[in-house]
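Protein chains in written order, with the working numbering: chain D, 1 to 633; chain U, 1 to 197; chain Z, 1 to 154.
Derived by calculation from the structure, the hints in this document are not laboratory data. Fair warning: there could be bad hints in the mix.
[As the list claims (entries may be wrong)] One side only, chain U facing chain D, incomplete, derived with CB under 10 Å:
id, residue
1, V39
2, S42
3, M126
[Said to hold, decoys possible] With a Cα cut of at most 25 Å, we get these calculated BS3-like pairs of lysine-lysine:
id, chain 1, residue 1, chain 2, residue 2
4, U, K82, D, K518
5, D, K412, D, K340
6, D, K340, U, K119
7, D, K484, U, K26
8, Z, K111, D, K352
[Stated by the list, open to error] Facing chain Z, from chain U, some residues (calculated, C-beta under 7 Å):
id, residue
9, S58
10, T146
11, G148
All figures in this text were calculated on a predicted structure; none of them were measured in a lab. Glycine is no exception: its CB is placed at the ideal position from the N, C-alpha and C atoms.
Single-letter residue listing:
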Amino acid sequence: MAQSQLAEQENGMRIQSIEALDALRQDILAHQDPKRPILIVCHGTGCLANGSPKVSDALRKAIAKAGFQAKVMPGIKTTGCHGFCSRGPLVIIKPAGLFYQQVKAGDAEEIVNTTLIKGDPVERLLYRDPNTKEPIPLEKEIPFYKHQQRVILRNIGKVDPTDIHDTIAAGGYQALAKTLTTFSPEEVISVVEKSGLRGRGGAGFPTGRKWRSAVAAKQKRGGPVYLVCNGDEGDPGAFMDRTIMEGDPHAVLEGMIIGAYALGCNQGFIYVRAEYPIAIKHLIIAMDQARAMGLLGQNILGTGFNFDIQINRGAGAFVCGESTALFTSIEGRAGEPRPKYVRSVEEGLWGKPTVLNNVETWANVPIIIEKGADWYNQIGVPNSTGTKVFSLVGKVNNVGLVEVPMGIPLGKIVEKIGGGVPGGEPFKAVQTGGPSGGCIPYALKEVAVDFDSLTKAGSMMGSGGMIVMDRRDCVVDVARYFLKFLEEESCGKCLPCRLGITRMREMLDTFSQGRGNKQDLDDLMGLAEAIQDGSLCALGGSAPNPVLTTVKYFKDEYLVHIEQQRCPAGVCKDLITYHIDSEKCTGCMVCARNCPQKCISGERKNPHQIEAETCIRCGICMDSCKFEAVQVS
Amino acid sequence: MLKFKINDQEVEALPEWTVLEAAREKGIHIPTLCYHEAVGPSGACRLCVVEVVEGNWSKVVISCMYPVKEGITVFTDSARVKNVRRWILEMLLAECPASKEIQTLAAEYGIKNSRFSIKNPEEQCMLCGLCVRVCREVVGVSAITTVGRGVHKVIGTPFRKPSEACVACGSCVTVCPTGAMQTRLDAVRGPVDAHKS
Amino acid sequence: MIKEHVDIDDIIERHPGKPESLIFLLQDIQAAYNYISPEAMTLVCDHIGVPLTQAYAVATFYQSFSLEPKGEHEIRVCLGTACHLKGAPRIVSELERRLGIKPGETTKDLKYSLDTVNCLGACALAPVSVVDNEYQPNTTTPKLVRLLDKMVSE
Numbered sequence: 001m002a003q004s005q006l007a008e009q010e011n012g013m014r015i016q017s018i019e020a021l022d023a024l025r026q027d028i029l030a031h032q033d034p035k036r037p038i039l040i041v042c043h044g045t046g047c048l049a050n051g052s053p054k055v056s057d058a059l060r061k062a063i064a065k066a067g068f069q070a071k072v073m074p075g076i077k078t079t080g081c082h083g084f085c086s087r088g089p090l091v092i093i094k095p096a097g098l099f100y101q102q103v104k105a106g107d108a109e110e111i112v113n114t115t116l117i118k119g120d121p122v123e124r125l126l127y128r129d130p131n132t133k134e135p136i137p138l139e140k141e142i143p144f145y146k147h148q149q150r151v152i153l154r155n156i157g158k159v160d161p162t163d164i165h166d167t168i169a170a171g172g173y174q175a176l177a178k179t180l181t182t183f184s185p186e187e188v189i190s191v192v193e194k195s196g197l198r199g200r201g202g203a204g205f206p207t208g209r210k211w212r213s214a215v216a217a218k219q220k221r222g223g224p225v226y227l228v229c230n231g232d233e234g235d236p237g238a239f240m241d242r243t244i245m246e247g248d249p250h251a252v253l254e255g256m257i258i259g260a261y262a263l264g265c266n267q268g269f270i271y272v273r274a275e276y277p278i279a280i281k282h283l284i285i286a287m288d289q290a291r292a293m294g295l296l297g298q299n300i301l302g303t304g305f306n307f308d309i310q311i312n313r314g315a316g317a318f319v320c321g322e323s324t325a326l327f328t329s330i331e332g333r334a335g336e337p338r339p340k341y342v343r344s345v346e347e348g349l350w351g352k353p354t355v356l357n358n359v360e361t362w363a364n365v366p367i368i369i370e371k372g373a374d375w376y377n378q379i380g381v382p383n384s385t386g387t388k389v390f391s392l393v394g395k396v397n398n399v400g401l402v403e404v405p406m407g408i409p410l411g412k413i414v415e416k417i418g419g420g421v422p423g424g425e426p427f428k429a430v431q432t433g434g435p436s437g438g439c440i441p442y443a444l445k446e447v448a449v450d451f452d453s454l455t456k457a458g459s460m461m462g463s464g465g466m467i468v469m470d471r472r473d474c475v476v477d478v479a480r481y482f483l484k485f486l487e488e489e490s491c492g493k494c495l496p497c498r499l500g501i502t503r504m505r506e507m508l509d510t511f512s513q514g515r516g517n518k519q520d521l522d523d524l525m526g527l528a529e530a531i532q533d534g535s536l537c538a539l540g541g542s543a544p545n546p547v548l549t550t551v552k553y554f555k556d557e558y559l560v561h562i563e564q565q566r567c568p569a570g571v572c573k574d575l576i577t578y579h580i581d582s583e584k585c586t587g588c589m590v591c592a593r594n595c596p597q598k599c600i601s602g603e604r605k606n607p608h609q610i611e612a613e614t615c616i617r618c619g620i621c622m623d624s625c626k627f628e629a630v631q632v633s
Numbered sequence: 001m002l003k004f005k006i007n008d009q010e011v012e013a014l015p016e017w018t019v020l021e022a023a024r025e026k027g028i029h030i031p032t033l034c035y036h037e038a039v040g041p042s043g044a045c046r047l048c049v050v051e052v053v054e055g056n057w058s059k060v061v062i063s064c065m066y067p068v069k070e071g072i073t074v075f076t077d078s079a080r081v082k083n084v085r086r087w088i089l090e091m092l093l094a095e096c097p098a099s100k101e102i103q104t105l106a107a108e109y110g111i112k113n114s115r116f117s118i119k120n121p122e123e124q125c126m127l128c129g130l131c132v133r134v135c136r137e138v139v140g141v142s143a144i145t146t147v148g149r150g151v152h153k154v155i156g157t158p159f160r161k162p163s164e165a166c167v168a169c170g171s172c173v174t175v176c177p178t179g180a181m182q183t184r185l186d187a188v189r190g191p192v193d194a195h196k197s
Numbered sequence: 001m002i003k004e005h006v007d008i009d010d011i012i013e014r015h016p017g018k019p020e021s022l023i024f025l026l027q028d029i030q031a032a033y034n035y036i037s038p039e040a041m042t043l044v045c046d047h048i049g050v051p052l053t054q055a056y057a058v059a060t061f062y063q064s065f066s067l068e069p070k071g072e073h074e075i076r077v078c079l080g081t082a083c084h085l086k087g088a089p090r091i092v093s094e095l096e097r098r099l100g101i102k103p104g105e106t107t108k109d110l111k112y113s114l115d116t117v118n119c120l121g122a123c124a125l126a127p128v129s130v131v132d133n134e135y136q137p138n139t140t141t142p143k144l145v146r147l148l149d150k151m152v153s154e
């Protein structure tokens with residue numbers, strides 16, 4: 001159906017008016033049978049890597065083989081990420097909403113025969129409560145989903161992101177139609193202001209205020225205003241924006257088109273990380289389809305409004321997530337930031353007034369317009385309204401993407417939605433805000449997850465990465481990791497960042513090698529302050545944060561490294577030894593075979609030993625042991 | 001004219017001036033390395049930091065690019081400012097240990113030795129980029145550039161070959177604040193006898 | 001990976017002769033030839049009217065550009081936070097040892113290139129690596145080594 005309709009559109013069947021868009025939506029819905037079974041196969045990056053294309057192919061074949069009558073032929077739909085990545089590949093069966101996890105191609109025939117024909121669930125594919133082991137058949141009943149509030153992610157996992165009709169049927173571009181028929185540009189800005197929306201990229205600047213400043217700058221200076229979507233999601237452990245661009249690209253486009261109308265802008269840019277090929281592909285498909293239907297480009301919906309978007313692929317530089325570096329990169333140069341004493345809304349891209357918002361911010365705009373500012377600002381807490389998407393990763397049972405109202409306690413996200421740390425012990429810390437953020441200890445698990453509370457705790461909201469650490473993670477090592485990351489990613493323009501981050505990392509090296517002293521720790525704080533005060537951009541300015549928060553909350557652990565030359569978590573290579581627990585060792589010899597030093601000895605079926613003098617502590621033995629017999633002390 | 005204060009002095013400035021320009025006009029010393037009147041500012045060395053107090057908040061900014069503003073107070077030597085400069089200079093001592101100019105500047109801040117390890121005892125360049133800017137903005141040939149990123153960054157020519165664009169004018173040597181460019185000139189312009197001029 | 005031959009002029013004509021086309025052009029050239037040669041870079045500069053220094057600065061600033069041919073097989077190990085916590089640095093050290101190269105380098109026989117990437121955003125698969133554009137979820141050193149051995153025997 002979609003294909004033929006699309007062909008018609010491309011033959012000049014542009015949507016000429018707002019009424020025609022509504023008619024098209026009604027038409028698509030009228031042709032859908034709500035009772036028809038649809039197998040939704042997750043094609044998010046996680047599931048794809050785990051083999052979901054093979055699953056959808058096998059399901060397609062199994063359906064063909066089963067010989068359904070055309071009238072009741074079940075459909076297959078591939079969608080963006082469902083969020084529950086650690087359980088992939090996922091298959092959801094609509095309309096009931098049956099949830100199958102870790103599905104393999106070999107399961108396809110059984111799913112078709114048992115579920116689609118007989119109407120029974122395939123028991124072994126169901127999610128089970130980790131405590132009671134009882135199966136939970138329906139997606140919406142699974143704790144991971146039950147405690148979420150999916151506003152921005154509402155269509156992801158439901159619509160096929162490569163078919164604009166599917167998005168239109170789900171209500172896509174309704175907010176754009178409403179904007180163009182009922183709002184003046186000024187009114188759009190007022191609604192966004194009143195909603196309380198703050199930028200989701202990290203700093204949390206009020207979006208409406210930013211737009212208003214750009215309009216003022218445009219009036220003052222004349223000439224064009226540009227609009228940019230920042231999809232250069234570089235924070236390690238963060239994949240919210242990737243998921244939105246992959247799974248609901250039209251939400252981003254619609255938000256940008258509405259923004260362009262409000263700002264009187266005709267040209268927009270989406271800057272996407274090179275590491276996100278599927279996001280780029282889906283955005284290009286979405287833009288082509290939107291243009292063909294008259295929703296993007298010249299004379300949008302027959303209203304005379306023109307706006308088009310260009311995609312810029314990043315080329316591998318974390319610093320380009322910084323606004324001025326991103327502009328420099330779009331202009332075709334090495335992405336070095338420039339001082340922001342004159343703000344980007346006045347002098348941004350090519351020196352013109354520019355509004356830059358990140359992917360998730362733009363995706364918030366349509367729902368705000370559709371449901372109104374008052375509906376939106378009831379979600380969350382007064383100074384941080386709406387929901388926020390987080391990627392929950394690290395030492396947590398339910399790794400994946402979650403969306404919650406702002407202001408909920410951190411512990412609830414990790415424990416209720418994330419299912420806590422594997423093994424059931426409490427988490428040690430949660431790292432939020434990426435390399436610019438900090439580590440929040442278990443003692444602060446009641447901290448509200450909103451812009452201001454997280455900043456007060458010494459961390460920050462950042463773009464939404466949430467990395468859970470347990471007692472086997474060392475804070476000195478994690479702080480060192482982020483410095484190493486930034487050392488590699490610093491653009492090198494200003495001295496405090498280029499030289500200072502390396503020197504801080506070297507100081508932490510001495511701690512992790514048991515060579516530091518207490519004076520070094522004090523010196524480290526002085527250098528941190530110099531880097532914060534002296535750096536050109538936010539990359540350098542916030543680089544010391546992971547060190548500062550870990551010293552603040554885990555000073556004892558630093559002192560143990562310094563004074564006792566010991567790493568309590570068993571991570572810092574120079575302070576640990578590996579040994580084999582003779583109780584657990586089965587003598588399978590796998591470790592000995594894999595050891596690059598050949599320093600593991602022992603007879604088959606008898607406990608093995610590691611020769612400490614030759615061991616280089618590479619850890620391969622521990623990674624390869626299936627019986628947890630290799631241990632660290 | 002705008003009126004504001006630098007330390008305890010009342011200062012006047014034209015609206016398009018930076019804090020550094022206003023300070024120099026008044027004879028107030030602020031150290032710089034990557035600043036030169038002949039080219040646009042870059043904000044790389046950060047030695048010219050000052051603390052600006054406006055109302056009840058303060059921030060550390062670079063004076064070479066911060067525009068003057070009515071009513072602000074600028075401190076050129078506050079504790080925060082000194083902390084930034086001292087750390088930069090101590091790191092520079094280890095970064096370009098062969099530069100007399102850096103040693104002199106560091107000594108002004110009481111720093112004679114650096115706690116940091118020295119990578120290259122011959123190094124003089126601290127990547128302020130003045131040579132690149134003068135070549136592009138004043139000479140107009142763009143014979144040299146920064147190469148690489150971050151800790152791997154160096155000043156050089158494309159593919160490490162003598163530049164065909166170089167006119168051997170020597171402007172880069174003239175503006176270099178540390179003497180580093182003198183030692184690399186041959187690599188940029190190539191052997192003198194082979195040069196077109 | 002062996003690429004089909006693409007005419008450089010065809011690539012250059014894809015993008016308008018404006019300075020802001022620089023990164024687009026270098027990306028297309030990198031994709032077609034696996035590296036950017038001095039000749040290709042000069043053609044780009046002539047087309048868009050920027051000095052060679054600017055193209056060289058860009059090509060050496062961004063991680064995805066290479067001035068030397070990459071190996072037949074490209075191995076990229078993710079060093080995002082989740083992968084770091086789950087042992088990715090150990091995988092990189094072992095690959096360095098086995099291949100005798102550092103990240104960013106290519107073996108002398110042009111067989112393998114080793115790179116690290118700062119988060120692929122596939123944290124549920126941690127530690128994750130990408131071998132010849134194929135994701136390897138829950139990578140372990142033994143698993144990768146088996147994969148390398150398989151490539152050699154092929």
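Inset, instruction - List, from low to high, the hint numbers that the structure doesn't satisfy. - result: Violated: hints 1, 5, 6, 7, 8, 9.
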